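From these two lone chains plus the hints, build me the complex, please.
Read top to bottom, the protein sequences are chains A and B.
This note's numbering puts the first residue of the first sequence at 4, with every later residue one more than the last.
This note's numbering puts the first residue of the second sequence at 2, with every later residue one more than the last.
For the record, the hints were derived by calculation from the structure and aren't laboratory data.
Please read these numbers as outputs of a predicted model, since none were measured by experiment.
Cβ atoms here follow ideal geometry from the backbone N, Cα and C, with glycine treated the same way.
Where hints are given, some of them may not hold.
Which residues of chain A face chain B? A few of them, derived with a C-beta cut under 10 Å, are [stated by the list, open to error]:
#1 T7
#2 T10
#3 F11
#4 A29
#5 N43
#6 R46
#7 L47
#8 Y48
#9 V49
#10 Q50
#11 T53
#12 F56
#13 P57
#14 V58
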Amino acid sequence: MGRTVATFRDLIEQELQSWKQRFGRALRQEEQAYLEAMFNRVRLYVQACTYHFPVDAMHGIHVAVGLDHEIRLRKIEAALGINLATQWMDSRPLPLPAGDGPVDNRVEPEAPPAD
Amino acid sequence: MVLWIIESSQKRRQLIDRSFRPCFYVQGPERLLARLAEALPARAAVSCVLTERQNIWDRQPLRVLQVSAHHPTLFAPLARFVRRFDSDLILYDSDLMLAPMYCWEKNVFPLARVDIEATEVAPGFSPARAALKGGATPPETGGLPGEIRSIVCRDDEWLTDYERPPVRTMRARLEGLSDVNPRHGRHGAMEVAIENDWQVLDDSDEPAAAAFERLLRVHDPDVLVTEWGDSVLLPGLLRQAQRRHIRLPLNRDPVPVASTRSRSYMSYGRILFKDSTTTLFGRLHIDTQNSFGADTCEQEGLWELVRVTKLPVQYACRTTPGTGISYLQMEVAWRDGVLIPAQKAEPESPKFPDELLLADRGGLVFPPRLGFFENVAELDFVSEFPSIMARFNISPETVNCPCCPQAPRVPELGYRVCQRYRGITSRVVERLIHKRRQYKEMMRDGIRDTGHGTRDTGHGIRDTGTARELESGIWTPESGIRNSGLETGGFPENPHLTSRAPSPEAQVPSPESRVPCPASPTPNPVSRNPSPAACKQRRDVLKWLLVCCFGYTGYKNARFGKIEAHEAINALAREKLLVAKEAAEQRGYRVLHALVDSLYVQKSEVRSQEPGASGSASRGWGLGAGGWGKTLPLPIDDGRWSISSIGNRQSKIGNCEKAADREIRSALPSPAPSPQSLAPTPQPLAPDREDYERLAQEIEQLTGLPLALEAVYRYVVFLPSKQSAEIPVPNRFFCVSDAGELKVRGLECRRHDTPPFISRMQCEVLGILAEARDFTTYCAKLREAREVYERYQAQLREGSVAPEELVIRKRLTKAPSSYQKNSVTAIAARQLDRAGVKLRPGENIEFIITDADSTFIDDRVRAWTLWEGWRGYDVDAYGKALANAFEPAAHFGKTVGGRQ
Numbered sequence: 004m005g006r007t008v009a010t011f012r013d014l015i016e017q018e019l020q021s022w023k024q025r026f027g028r029a030l031r032q033e034e035q036a037y038l039e040a041m042f043n044r045v046r047l048y049v050q051a052c053t054y055h056f057p058v059d060a061m062h063g064i065h066v067a068v069g070l071d072h073e074i075r076l077r078k079i080e081a082a083l084g085i086n087l088a089t090q091w092m093d094s095r096p097l098p099l100p101a102g103d104g105p106v107d108n109r110v111e112p113e114a115p116p117a118d
Numbered sequence: 002m003v004l005w006i007i008e009s010s011q012k013r014r015q016l017i018d019r020s021f022r023p024c025f026y027v028q029g030p031e032r033l034l035a036r037l038a039e040a041l042p043a044r045a046a047v048s049c050v051l052t053e054r055q056n057i058w059d060r061q062p063l064r065v066l067q068v069s070a071h072h073p074t075l076f077a078p079l080a081r082f083v084r085r086f087d088s089d090l091i092l093y094d095s096d097l098m099l100a101p102m103y104c105w106e107k108n109v110f111p112l113a114r115v116d117i118e119a120t121e122v123a124p125g126f127s128p129a130r131a132a133l134k135g136g137a138t139p140p141e142t143g144g145l146p147g148e149i150r151s152i153v154c155r156d157d158e159w160l161t162d163y164e165r166p167p168v169r170t171m172r173a174r175l176e177g178l179s180d181v182n183p184r185h186g187r188h189g190a191m192e193v194a195i196e197n198d199w200q201v202l203d204d205s206d207e208p209a210a211a212a213f214e215r216l217l218r219v220h221d222p223d224v225l226v227t228e229w230g231d232s233v234l235l236p237g238l239l240r241q242a243q244r245r246h247i248r249l250p251l252n253r254d255p256v257p258v259a260s261t262r263s264r265s266y267m268s269y270g271r272i273l274f275k276d277s278t279t280t281l282f283g284r285l286h287i288d289t290q291n292s293f294g295a296d297t298c299e300q301e302g303l304w305e306l307v308r309v310t311k312l313p314v315q316y317a318c319r320t321t322p323g324t325g326i327s328y329l330q331m332e333v334a335w336r337d338g339v340l341i342p343a344q345k346a347e348p349e350s351p352k353f354p355d356e357l358l359l360a361d362r363g364g365l366v367f368p369p370r371l372g373f374f375e376n377v378a379e380l381d382f383v384s385e386f387p388s389i390m391a392r393f394n395i396s397p398e399t400v401n402c403p404c405c406p407q408a409p410r411v412p413e414l415g416y417r418v419c420q421r422y423r424g425i426t427s428r429v430v431e432r433l434i435h436k437r438r439q440y441k442e443m444m445r446d447g448i449r450d451t452g453h454g455t456r457d458t459g460h461g462i463r464d465t466g467t468a469r470e471l472e473s474g475i476w477t478p479e480s481g482i483r484n485s486g487l488e489t490g491g492f493p494e495n496p497h498l499t500s501r502a503p504s505p506e507a508q509v510p511s512p513e514s515r516v517p518c519p520a521s522p523t524p525n526p527v528s529r530n531p532s533p534a535a536c537k538q539r540r541d542v543l544k545w546l547l548v549c550c551f552g553y554t555g556y557k558n559a560r561f562g563k564i565e566a567h568e569a570i571n572a573l574a575r576e577k578l579l580v581a582k583e584a585a586e587q588r589g590y591r592v593l594h595a596l597v598d599s600l601y602v603q604k605s606e607v608r609s610q611e612p613g614a615s616g617s618a619s620r621g622w623g624l625g626a627g628g629w630g631k632t633l634p635l636p637i638d639d640g641r642w643s644i645s646s647i648g649n650r651q652s653k654i655g656n657c658e659k660a661a662d663r664e665i666r667s668a669l670p671s672p673a674p675s676p677q678s679l680a681p682t683p684q685p686l687a688p689d690r691e692d693y694e695r696l697a698q699e700i701e702q703l704t705g706l707p708l709a710l711e712a713v714y715r716y717v718v719f720l721p722s723k724q725s726a727e728i729p730v731p732n733r734f735f736c737v738s739d740a741g742e743l744k745v746r747g748l749e750c751r752r753h754d755t756p757p758f759i760s761r762m763q764c765e766v767l768g769i770l771a772e773a774r775d776f777t778t779y780c781a782k783l784r785e786a787r788e789v790y791e792r793y794q795a796q797l798r799e800g801s802v803a804p805e806e807l808v809i810r811k812r813l814t815k816a817p818s819s820y821q822k823n824s825v826t827a828i829a830a831r832q833l834d835r836a837g838v839k840l841r842p843g844e845n846i847e848f849i850i851t852d853a854d855s856t857f858i859d860d861r862v863r864a865w866t867l868w869e870g871w872r873g874y875d876v877d878a879y880g881k882a883l884a885n886a887f888e889p890a891a892h893f894g895k896t897v898g899g900r901q
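Looking at chain B on its own, in the form it has when it is part of the complex (with noise of 0.2 Å):
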């Protein structure tokens, strides 16, 4: 295993690890893995052994043949051998990456900070050219130049306040929008930037490859950033180096650079297109073109993603997070001494046509209430789905196992949960849960070490722990975790969740081989803290973990996945928003919309003093339907209804104020009645936070999940379907929150494929809107907002509008010879095409609206690298989706505009 170093003097280094014998698993008939430990010690340099390790879905033990490659190199022709060996052979852990388990083997990670005892290496020496060179067999003493004798991680993957490796990083992009995919037919020159200053490599004094080269060896950067590097960038560099025959060496190590190629693939009924890869060795190349993580969550995100997934750079960051959460449940599973199947074995169990309609089912989504609404306030559950898996030990090994016939039942479901083993995903998704929650911390807090010292939880990986973990209802050996369900009603005892301690079947003793992280490792001797921006790229990151984490129980190709799981998950998300949905209602506010984990509720603005008579007058000019009247109590009193007990627990809860508010309130001194408070009832009870926060403190103890006052917003627009106007949507809303700041969802600004000039427009007048408090400045605001909007119309009839501010981008469907229709998009593709533009399915395309209406299809839109100034654009169609996306703004403030 080849590693680069950057030491404390900032000199890069190249070392190699002989010492690492990645290993896999065979399992089958005793003759059959006899016959197969002969046969491959004579055909390379292996090691095979019989031993034991536990099946994933019965924790029972099976005998296997260890099969330990002595060079990593082995390892894939190996499995493939055996694979090829005999059909009744099952392989475990046999498709892995091998970084990865060299990461797991020495308990270090990537770009973590390490201490090195290695061989002395001569300047210039390469040791992964000798080891090219000279095999796989080291010397007998002293071992090669270059060779790592230990290596011990001084960095934990779990701290949040880590040091960021000091990296020399090179920028390169290419004139023009960095959007638009060059290959498409049109970019400038190439712009290479070190340190922010960017400078352009033309081919006019000397060919850019030549130029590159230059920058290269002067400067040897760590990291390559580039946009359009892999399909565009370095392959064209290449490309002219070869031709020109100059030497461009982009990697560090002495082997040619590695690429893929490009492909269309479906997920969840969209076609997709990955691009091509080029990556190299030595050095990172990150395309942020193609990087899922360096796109969306910036360095600071990637940086995170690797520390805690121990995947390679240049592969985490063109991989999909749910790669990153799969490597995540392996190494726990690794750890604890787990076969890991090759490929996904556990298909969905037979079910009844009833059960399966019942067990089918995603999360609940009450459509909005439509209309303008003042004061309302955003209930989150946090990380609702990743906290059931944590909380309620669901993860795929879990569900139905066989071990507790007796275990607890799912809600509607009646699926039972291992009380005996904790799950190997709610292990993974509380770690993350833990740092999420600790990064939201230190970014509400400001840059603050929230001081939280490591400990080790006996599985090799170590957590941190906070106070708020009971609260949360995150797992820790120490605190275990309250089982609510007993309190929300049809979840009963979970033994192994309440216990303080694991059981003894539940401490599952690790295999020799794999020795756990130390116990108090060494702090990190260099630590910054992050700023808020960094914590909210690394937070976002640690989202799209959890998200898919999530996803993937219902992956049909998920190592780790069962759908059993996902269903259970999906049950108890549904079960906790109707009793959080009851709870609300119950202390008289009014669910506007709730979101599978998110409740947007109403404070009523009088509360009346006749019990039983909750609700009244709502502030909000509503258009919804089929609210319930005042003049229709709800049923929920007289038992009948299986709400009934918890409106029980929710008085009591209602009448004690938590202890530690009585202490915060004692402290605080007591205001002087205001006039308000003197007034006869009924008392007009101005909704504030304190009330929407009291909510969630109850709805947090009802559904023993973590719930956030996400917001309190000044207004809420939710707004109807384009289709029709009285049906809601569920995701077509604005929203302001008392701080100002906007919450936008299914508008036009939101689209992918929306021009920037109509974005950039709704955007501007959204913030107008933004400044009103009601709904009486919001109709004075409109008239400003409308004045705006006018604006840009005329900017659009006067022809002053820049070209690439109405370009618009479309995902092609299928290759653009198959379209049937003349779609704009098809049009577009099929002038590509014409150009010699090679197009896939899933790329995108951009092009302008120049004649919607003519007659001749090709004039109607040009795309964007064929447009040339004279076409000009289409002033209607654009004008069109200008009023379009103005609506919105002006939807309720037309139809209410009378009660001004």
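Bound conformation, chain A alone (with noise of 0.2 Å):
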């Protein structure tokens, strides 16, 4: 007897490491840091994975992920001042990133942000 399923705080460590290898692996050096920290940040919600406790894992940790995201979403446009969903309504197109993409024209932070 005893504890014969894994728990989730261990999942969430081997779907990392299984990511980790062959995506990660092909994701640009400075993008690999927020792969980790991603999954990372499951953990903040991983009663909610552990109560629920899918049979994918991955299930979990994607509803985590985008419950982080909106999260911080919202707390940015809190922050900010804005709504966001007002101007998705917006017809006007939105301005484009002046460089090839976000990450380039940034400075990166040392390490990835916590809110």
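This is the structure in structure tokens:
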């Protein structure tokens, strides 16, 4: 007897290692740290994943990542005093970034930012 | 059975009870049983009779052969013979210890006050020796001298104000660090104390064995408390005595000293080491370095453990609480006439993979919000898992029982819980919970007798009652318990639990031979109220019993283990924690952290007057991620969430205060209106203890489990993982209660492998920070604390730190030669190995870091017992450790220092 099923914390780590192997290898070096940070942030919602415990752990991880993005987005909106939802309804095109991508144009932080 | 008693005249006497005939049961085909019944009496003094006993799992009667040994020493050989007689035979009650069986049969327990009627014994006569010489058969008339005719217990193991036995204690130890195993090479002379008068027994005048023998003869102690007595001290003394032909009677009984070998074993993925043991007869030997009970709960705890579990003292202090709880369960089973299987025979039920995924989960842990939070309350479910077992009748034999197909279901899992029979484990834990609560009340009220009378519960073991039983949901025949399952949702009415008296089926007739304890025992003529410290030690040992009781339901070797019971308890605990979380959030509290059975909640500083907009600016400087913003109200009230029904009930509870509260308040003078109370809305509501207590009461009503406001903290600092600064970990925080008490989890000072010097610095720093009341004063105190830290760093650089303050203790996970890498533990272990010290996996070793970066591996660390002064210590390595230990205090002070 005892525990047969791995804990969700262990599953997050297993999935991270599995995704780092191939998916992570094909990422640029500056992007790789974000992959790990994204998986690490799932730990903030680990109790919900544990309680729901989907058969495929990635289902729970996907929802947790989406939820985390949603929460942080709302916080950014609140901090900036904007409502992106109204902007989506605007028929005018969004301004294009000046460079090849948002990552290239920014000064890279030393570590992924905390909210 | 040989008994040692202390008479009221303080005289020690050895008596013998020949009436004890331990028995076990054999199940099998009738023809085999008949053959066995013929074969056994031909070989030994034994009585065999066919009888009926209950099977634990289905409560059905089983026809078994009762084998009674006429002499206790025959018990184990007879059981071995039956086991070899035929493999089709199943044995019950066959591997129990004789001492607890004797206690069950005679209704006594170790260290109890008893009335004994015995035959006279001449001075110097030993009944045990006479019995050994004269064989098992007593003379027809009169009996042997010192033979017990009757024994009556004048004590009650469930009393809280019992008298401790008037034992004479002798202490023995070796000079030097008490925590360092003397077998590792460094120890001084032997020291012995009677009544704290220590004297050194070195071999200069006379051999230590001779001096020890003289002390034993003069003082004749009942209890020998030693440090490393099991593996080093007593074996060493015996060896010396043998070598020098000194007579050293460590025992009072005329038998040799008993000893067992050391061993390493795995438990929960860790390798542990159990040292050898040396136990005495007629005298108690307690080795504080090889004793769980005596080490953690001291002697008061040990006496309590022994009284409750009825295990022999020397065995109880060397075993885990799990054995104690097993024997408590077995006693209840034995009194019920239930057969006790020799080995666990209940495998896990087959499950589909998705069922296994659902079932095989532990308690819920909400990762904490990171940061510094003021005015936080900790709400704790009191003994949550045992309370669940007691309240919901969760016991291995009651989960998915065959007798109740329509029984209530456990949330999430759908397991059924028996309604006809009260579970064995449930009955055991309710007594322990009750006694623990009595000690808590005694601690709280100072030295005071709670004055609760005793009564017979009808199960042969007396229980006591308080008015709080109903509130706490503890089952009693008089009160029954309310089933809060319907209130909490998903757990239907359980008639057994709600009935005021057990149903006829539930009342299992006790076998005639198992006479219950007297209904109204003679009260203890000499009672003594325990001190608060003693109450705490006794509470601690009961806590360990309760913790193990839950763990043992899922333990593979537990006789009364069943993984489904373990899973059901976890499922109910998850449910209750979620109900508590939802209730707190609905009332405008923010759940900062939740850890299986406790919640850390913070009340919002300003409560909005607008309906539905609960929660606003909270008083905390958190770095927490993922908090719900006030712009996103929880969709609780739209009826889609199962919690909605709870919410409706809560509003009712919230509007009506408890009658008791109203009474108390009406008795108090009404306070004068303060300037704040006259101010226009929104009102700043200072979070106070009363709010939190009300919340605790409301959650208690909702969950049906006792919930206590453990403390209101001035502030709590939740720290991140050492690996990632933005990821919280459940057990790394410190907090200061409103009374100024510090609570620390997961920091260096709580770890066993931290050098005392580092621990001391951290404790001192946290002690200074404990004087802070809010974040501003915290930052001010942090400057003061930093000075302390700098002082320690300076001491380290000066080289003025005592070497024993820098000793690091680590557990070996493998044999010294099996280490592949040159970790500090491996290097130190190899050094000891080379020095001739035999090390086993699981043992602790001590070392000092001498030069962590040395290219010569052996110079990096030095085993403590091999360390010489010229080697010094590594200032940089210990300096880094000091910095790491200071970091938690400064973590948020640095981050938000700009707010000052």
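Verification of the supplied hints:
no.	hint	in the structure
1	T7	5 Å, holds
2	T10	8 Å, holds
3	F11	9 Å, holds
4	A29	24 Å, violated
5	N43	5 Å, holds
6	R46	5 Å, holds
7	L47	5 Å, holds
8	Y48	7 Å, holds
9	V49	6 Å, holds
10	Q50	5 Å, holds
11	T53	6 Å, holds
12	F56	5 Å, holds
13	P57	8 Å, holds
14	V58	6 Å, holds
Of the numbered hints listed earlier, the single one contradicted by the structure is hint 4.
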